[in-house]
Structure formats: C-alpha cells, structure tokens
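**Student:** These are the residues of each chain, in order.
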Amino acid sequence: MSETNDNFDGLKQLLKLKRHEVPPPGYFNHFSGDVVSRIRTGEQGGAEGVMGRFESNSLMKGLLQIFQAKPGVIGGFATSLCLLLLIAVVMAERPDGTSTASDMATIQTGPGDSPSLAASASPLMPAGNSGITVSTNLVSLQPSVAVFGSQPNPLFLPASFTQSSQ
Amino acid sequence: MLTMSEPATVPDQNQPANMLEADLVRRARRGDLKAYDELVRRYQERIYATIYHMTSNHEDANDLAQEAFIKAYSALKSFKGGSSFYTWLYRIAVNKTINFLKQRRNKHHLSLNDLDFNAEHDPDLVALISDKTPHRDINLSELQKKLNEALLKLSEPHRMVVVLHDVQGVSHEEIAEIVGCNIGTVRSRLFYARQQLQGYLADYIKS
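For the protein sequence lines, the chains are H and Y, in the order given.
For the first sequence, my numbering gives the first residue as 1, with consecutive numbering after it.
For the second sequence, my numbering gives the first residue as 1001, with consecutive numbering after it.
Chain H extracted, bound-state conformation (with noise of 0.2 angstroms):
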C-alpha cells in the first residue's frame, strides 16, 4: 500500500487542480473581521441567538429539516395549522346547546349594585342568573354548579362585593 509502489501519479496530477481553486479575490480580506464581528454579536446576544435556541429545539430542528428537504411540506403544514385554529375558534364560540343558564359562572353584584354586570355585558345572556364571575378567588373559576348533574360544586365560593360597613 506504499505510495510510491501504487500507480496514483495521474490522479495526483490531476488532483493539482483542486489547488488552483481559489475563492473571489479578495475574500480573506473580511473574513476575519466578519468572524470577529459575528463572535461580538454572540456575546452581546447571549451564547446563542434567537434562532439558535429556536434551531436547537430538536422537535424545531427535525421539523426544518423536513422542510428544507420537501418545501412543498410547508403549505401543507401552514393549511392545516390554519384549520386546526379555524375549528377552534367555532368549537369556542359555538354555543353549547346541552348547557343550561345555571351551568354557566355568573357574575354576582351586591344587593345594591343596580344594574346587573352580566345583563349589559351580552345581550346573548340570560339577564339575572348567567355571566363570569368576578373573583380574585382561583377557586371560584369552577362552575357554580357541577357540569354534570344538578349538585353544586363544592370548590365554588362565590365572590361577593358588599361593601363593608363603616
């Protein structure tokens, strides 16, 4: 296997011409400057930019892969991205025929309050017994009353807002 004994003598000549290959005049001239420039960039920006943790991402990075590789891939994708929120946005508007008003929160007013919260924020909602309620209490986001069935949840604790006699 020594070089000298293996008749390659043509295929070196011919491999001489790979080192006349030389790159547009004057590209040494920037490379290092681009180099440095782009290592402050780094440094300013963090160890990675934006689409380097985006890149890095291996869900992102099998995804990009798959697009450089079929580009027709992307409509597809972007189509059915765009149905995906499309039937989301129906399912969350749609109203919910089974439900009846006392599954839905309600906005409750102390005994003062005057008009009903929940009667002028939709024309849609049954005024006096439907609407949000209004709590700084996390609990109080569960219905009022169980979704299925008729008993009340027991993790609902109405808000109220009497004001406080002084």
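Read the hints as simulated data drawn from the structure, not as lab findings.
Computed from a predicted model, the values in this text were never measured in an experiment.
Cβ coordinates follow ideal geometry from the N, Cα and C atoms, glycine included.
Possibly wrong hints are sitting among the right ones.
Unchecked claim - Cβ pair distances, simulated, as ranges: (1) H:Ile87 / Y:Ser1155: 43 to 51 angstroms; (2) Y:Asn1182 / H:Pro24: 37 to 45 angstroms; (3) H:Leu86 / Y:Lys1071: 38 to 46 angstroms; (4) Y:Asp1063 / H:Pro25: 14 to 22 angstroms; (5) H:Gly26 / Y:Asn1182: 14 to 22 angstroms; (6) H:Gly26 / Y:Asn1118: 16 to 24 angstroms; (7) H:Ile87 / Y:Glu1045: 51 to 59 angstroms; (8) H:Asp34 / Y:Ser1141: 22 to 30 angstroms; (9) Y:Val1126 / H:Arg38: 55 to 63 angstroms; (10) Y:Glu1149 / H:Ser37: 56 to 64 angstroms; (11) H:Gly72 / Y:Asn1014: 55 to 63 angstroms; (12) H:Asn29 / Y:Ala1202: 55 to 63 angstroms; (13) Y:Asn1139 / H:Arg38: 37 to 45 angstroms; (14) Y:His1109 / H:Gly42: 22 to 30 angstroms.
Unchecked claim - Here are the computed lysine-lysine pairs in the DSS-like style, where the Cα-Cα straight-line distance is at most 27 angstroms: (15) Y:Lys1080 / Y:Lys1153; (16) H:Lys16 / Y:Lys1145; (17) Y:Lys1080 / H:Lys16; (18) Y:Lys1107 / Y:Lys1034; (19) Y:Lys1034 / Y:Lys1071; (20) Y:Lys1071 / Y:Lys1107; (21) Y:Lys1146 / Y:Lys1080; (22) Y:Lys1145 / Y:Lys1080; (23) Y:Lys1080 / Y:Lys1096; (24) Y:Lys1034 / H:Lys12; (25) H:Lys16 / Y:Lys1146; (26) Y:Lys1102 / Y:Lys1146; (27) H:Lys12 / Y:Lys1153; (28) Y:Lys1107 / Y:Lys1146; (29) Y:Lys1153 / Y:Lys1107; (30) Y:Lys1096 / Y:Lys1071; (31) Y:Lys1071 / H:Lys16; (32) Y:Lys1071 / H:Lys12; (33) Y:Lys1145 / Y:Lys1102; (34) Y:Lys1102 / Y:Lys1071; (35) Y:Lys1107 / Y:Lys1096; (36) Y:Lys1034 / Y:Lys1080; (37) Y:Lys1153 / Y:Lys1102; (38) Y:Lys1096 / H:Lys16.
Model the placement of chain Y on the given structure of chain H, informed by the hints.
**Tutor:** Below, chain Y without anything else, positioned relative to chain H:
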C-alpha cells in the same frame, strides 16, 4: 560610496501579527478579540480550503468556516494545549463539515470557485488536456467539474483523507490526529479513496 541606510526596525512583540501562536491563544482565551482575529487570519485559508474541497460549494464553505472559528473561540477554554492549536482547530472544522454533509444526505449542489491564472500554465494540468488525453476536447473548467463530482461520490471519511493529504499536503500523522484514528487507517482510507477516484476519472487520467 556611502549610502544612507534606513534604521533597522525591531518588530513590536506586542502587535498580534508578531506574536507566537501560544501567546495569541493565551490572550484569546482571556477574551482578547484582536489576538483571536490574528489567529483567524493565520489559518483562514487552510480551514476554508479544507471545507471547500469537502463540500465543493463556496457558500457552504464560507458558512462552515466561520462557524468553525466561532465554535473554536467559544471552546478555547477547553483547549488544554495537548495538541497544537492548528490541529485542534482543524478537528473542529472537520467534525463540523462531516456533520453538515451527513445532514445533507448526498444532496450536493456544486458552487465551484474559479481556477486561478496559474492553472493554465501548470505543465501537469496542460498535459492533462493535451492531445494524449482520451478526452482531448475537454477544458480545465470541465475537468474541474468532473473532478469535484468524482470527489463527492466518495464517503466523507475517504474524501477527507484525500483532501487533506493529496490536495492540502497534510502528513499522515497529522491527519490521524485531526481525524482521530491511527495512521494505518489513514493509509488504508487513502489507498481505497484513490482507487475509487481512479475508477471514476479513468477517462481523464493520462495512462
């Protein structure tokens, strides 16, 4: 006849251009970007050329060479000095290039650099396109394309050895250190790669 001679200028040892590599590395490790800029200048052509000959694409080589230098700067603290900075830097560039080529999965897009003026006057190359060559109507640019296409047919490890040894003149020992294998492996890869290339380029090689 007496002539006025200019006073001999003593090189300023504090200028990065006059510093030894070890001093530049030490300063760069402390965050001195002027020192690192000098290191980049010293090795930019060799690092770029290695990556370019591996990818046959100027734009890819530009990106990868810059990224290799940036990675080397960020990893300088882990450089223990067990090997020369040059070998260590080469290793980073080689690994980066091989990873890039594996990700691309044989989707090669040639973006070849122009041949310099000297190519047309190189007696070996002139002989290759002379009447004695089977494809005598071929010109140097076509030959360049055929050669790059043939190189891209080799596996990355085989191509790397041919590029480092036959194109860039790196010794077997240094290649073993850069690539991370023993010298026997380097020699066998080189032999196999040359055989492959000889087969691909048989029509263009003078017998």
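**Student:** Each hint: holds or not?
**Tutor:** Each hint tested on the structure:
no. : hint                                    : result
1   : H:Ile87 / Y:Ser1155: 43 to 51 angstroms : 48 angstroms, holds
2   : Y:Asn1182 / H:Pro24: 37 to 45 angstroms : 39 angstroms, holds
3   : H:Leu86 / Y:Lys1071: 38 to 46 angstroms : 44 angstroms, holds
4   : Y:Asp1063 / H:Pro25: 14 to 22 angstroms : 20 angstroms, holds
5   : H:Gly26 / Y:Asn1182: 14 to 22 angstroms : 41 angstroms, violated
6   : H:Gly26 / Y:Asn1118: 16 to 24 angstroms : 18 angstroms, holds
7   : H:Ile87 / Y:Glu1045: 51 to 59 angstroms : 57 angstroms, holds
8   : H:Asp34 / Y:Ser1141: 22 to 30 angstroms : 29 angstroms, holds
9   : Y:Val1126 / H:Arg38: 55 to 63 angstroms : 41 angstroms, violated
10  : Y:Glu1149 / H:Ser37: 56 to 64 angstroms : 35 angstroms, violated
11  : H:Gly72 / Y:Asn1014: 55 to 63 angstroms : 58 angstroms, holds
12  : H:Asn29 / Y:Ala1202: 55 to 63 angstroms : 40 angstroms, violated
13  : Y:Asn1139 / H:Arg38: 37 to 45 angstroms : 38 angstroms, holds
14  : Y:His1109 / H:Gly42: 22 to 30 angstroms : 28 angstroms, holds
15  : Y:Lys1080 / Y:Lys1153                   : 36 angstroms, violated
16  : H:Lys16 / Y:Lys1145                     : 14 angstroms, holds
17  : Y:Lys1080 / H:Lys16                     : 36 angstroms, violated
18  : Y:Lys1107 / Y:Lys1034                   : 38 angstroms, violated
19  : Y:Lys1034 / Y:Lys1071                   : 17 angstroms, holds
20  : Y:Lys1071 / Y:Lys1107                   : 25 angstroms, holds
21  : Y:Lys1146 / Y:Lys1080                   : 42 angstroms, violated
22  : Y:Lys1145 / Y:Lys1080                   : 41 angstroms, violated
23  : Y:Lys1080 / Y:Lys1096                   : 20 angstroms, holds
24  : Y:Lys1034 / H:Lys12                     : 39 angstroms, violated
25  : H:Lys16 / Y:Lys1146                     : 14 angstroms, holds
26  : Y:Lys1102 / Y:Lys1146                   : 22 angstroms, holds
27  : H:Lys12 / Y:Lys1153                     : 17 angstroms, holds
28  : Y:Lys1107 / Y:Lys1146                   : 17 angstroms, holds
29  : Y:Lys1153 / Y:Lys1107                   : 11 angstroms, holds
30  : Y:Lys1096 / Y:Lys1071                   : 9 angstroms, holds
31  : Y:Lys1071 / H:Lys16                     : 31 angstroms, violated
32  : Y:Lys1071 / H:Lys12                     : 33 angstroms, violated
33  : Y:Lys1145 / Y:Lys1102                   : 22 angstroms, holds
34  : Y:Lys1102 / Y:Lys1071                   : 19 angstroms, holds
35  : Y:Lys1107 / Y:Lys1096                   : 17 angstroms, holds
36  : Y:Lys1034 / Y:Lys1080                   : 21 angstroms, holds
37  : Y:Lys1153 / Y:Lys1102                   : 13 angstroms, holds
38  : Y:Lys1096 / H:Lys16                     : 25 angstroms, holds
The structure fails to meet hints 5, 9, 10, 12, 15, 17, 18, 21, 22, 24, 31, 32 from the earlier list, while all remaining hints are met.
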